[in-house]
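Q: What follows is the residue order along each chain.
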Amino acid sequence: MNDEKDKIPFFKNWQQWYVFEILFLILLIGLFFLFTNYFS
Amino acid sequence: MTPLDWTVLVLTLAGIIAYGLYKSRTTHNLDGYFLSNRSMHWGLILLSIMGTQASAITFISAPGQAYTDGMRFVQYYFGLPLAMIVVAAFFVPVFRKLKVYTAYEFLETRFDVKTRALTSFLFLLQRGLSTGISVFAPSIILSSLLGWNIYWTNLFMGGLLIIYTMTGGAKAVAYTQQLQLIIIFIGMFLAAYMVVHMLPQGIDFTDALHVSGKLGKLNVITTGVKEGKFNWSDQYNLFSGIIGGFFLALSYFGTDQSQVGRYLTASSVKESRLGLLINGLVKVPMQFLILLVGALVFTFYQFNKAPVFFNDIQLTSINLVYKDSVNDVSRQYETLNLLKQKTVYDYSVARKQANDAAAEKHITSLRLLQHQADSLRSKLKSWITKSKGDSNDTNYIFLRFVVDYLPAGLVGLLIAIIFLASWGSIAAALNSLSSSTVVDFHRRFSRHKISAEKEYNISKWWTLAWGIFCIVIAMFTYNIGNSLIEAVNVLGSLFYGVILGVFLVAFFFKRIKNGNAVFVAALVTEVAVLAIFALIKTEYLKLGFLWLNPIGAIGVILVSLIFNSVLTKKNNCGPLLQFSQ
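Protein chains in written order, with the numbering used here: chain A, 1 to 40; chain B, 41 to 621.
One or more hints might be untrue.
To be verified - With a straight-line cut-off of 20 Å between C-alpha atoms, the simulated DMTMM-like cross-links for lysine to aspartate or glutamate are:
1) B/Lys345 <-> B/Asp444
2) B/Lys139 <-> B/Asp244
3) B/Lys419 <-> B/Asp386
4) B/Lys154 <-> A/Glu21
5) B/Lys550 <-> B/Asp152
6) B/Lys310 <-> A/Glu21
Hints listed in this document are in silico derivations from the structure and should not be mistaken for laboratory results.
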């Protein structure tokens, strides 16, 4: 088992995963904001 | 419950125990028992992390919370994805590199044995007590709603899972959590489907959302700002969710052995990281959907007769003193219910016909009626409080709906998922309590070398001992008042911040090397956090409990920095002034 050589799924490196995680959260908050306003 | 419900309930629970026992075969050493020989795939890690965090309280309380306070509780999870990044990037590689069994082992490598023992002790205290509440919380609700004996319910809730947790360790915990979560998701999906299906003819899912939204239940995003000022005592808003939630999630996933123990079972750093990061992606939407079920139940009760109070036992208990008043309030509530049913239907029809003026008129009336209904409920709650009863019926709302309205068979399945959700988190807690006791205390302070087989046996007995401890705590827990999900989170907030602070110093403040400085800082800050909590409870201070997490963590960092510089200066003065190590 060699952690370093393991291929990372979906992205090239872990940094891209972290950025994606943050962007996904921002997108969710944005969608929730629209959801709240649309139905209120 | 009908015979069909009982059959579904018994078969589901027996199936899980059998599956747990089937998956129990593991090597007879600590690696096998606590870490499943570090062999798990990320998918199993993900489900295990989710199953550990989502307890029965999550599925009982959250829909009730949406019913009473709206969906804004989801903001509490906004800090979680950010915490997942920090844990994946910094914590996981260090834990893996050092091949630790518990997170606290790392603190001995970094500082000293007493810092390790203190944090492990705080974990055992907090996790042991909160697991006891996790046994009691669903038991008291089920026993009240179904008339079951609370002691037997506690025993089944906290006892049956011990069979496979004790035998199979981390492996049995992970595999049963996987199956439990699948059953839970199926059950919750069916419940949500039934709520919409049982709405009056012509009222669909979108109509239900409009009704719920207009009555303030779809308030997913709130800022906590009122009249230009930020309300620090507001529990759930965007800022407390991101900042407070981040610290709480970071301490929970980075330093709580019940979670660390899950992702340490992964076969590599990659598998641990993927499990954590994907948890960060799915947790918020999952919580959103659970809360949405509560908002839909709220809409359902606009079209149907809603109980004035969802916990019948409390209502009966005040009947002796307030009988006439209760009857009077119930009658008024029923009349309001009928008016609401007509108004909400008229609103939905007007909205569908795009008759904005009529829709606006109906919704204004509906809000007024809702306000009057809330006032009646408040009146009733004040009588319950005066009679020293539990005036919070949040935890009873969803299950009361299940028992009163769902068809036979589905009731049994939903009662079963309460047990399963409970077992998933309790099993992981027992496994982690046992691992911390054995690895951080028994093995660390034992004078003799213990064989692998003996360590394995000791670990099994500690799992049983902690299981019994949690059941005993559950037996003695009575009427903790607030929403139970909050009670567990408040308890966590009292200790998590400090534990996290110690870990943050260990990871990010490399120049702090003095174990004494961190140890004293942790003690001082813990006392300060408890003092602040006492001020909040006695209403001398208005502060949401989530803020205790950043206070604890930042407090430990600052006090460590001060003590470290003082002790380093003293050490430089000469050997006579040195603290004993």
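Q: Decide, hint by hint, whether the structure agrees.
A: Here's how the hints hold up against the structure:
no. : hint                  : in the structure
1   : B/Lys345 <-> B/Asp444 : holds (11 Å)
2   : B/Lys139 <-> B/Asp244 : violated (54 Å)
3   : B/Lys419 <-> B/Asp386 : violated (29 Å)
4   : B/Lys154 <-> A/Glu21  : violated (37 Å)
5   : B/Lys550 <-> B/Asp152 : holds (14 Å)
6   : B/Lys310 <-> A/Glu21  : holds (16 Å)
Checked against the numbered hints above, the structure breaks hints 2, 3 and 4 and satisfies the rest.
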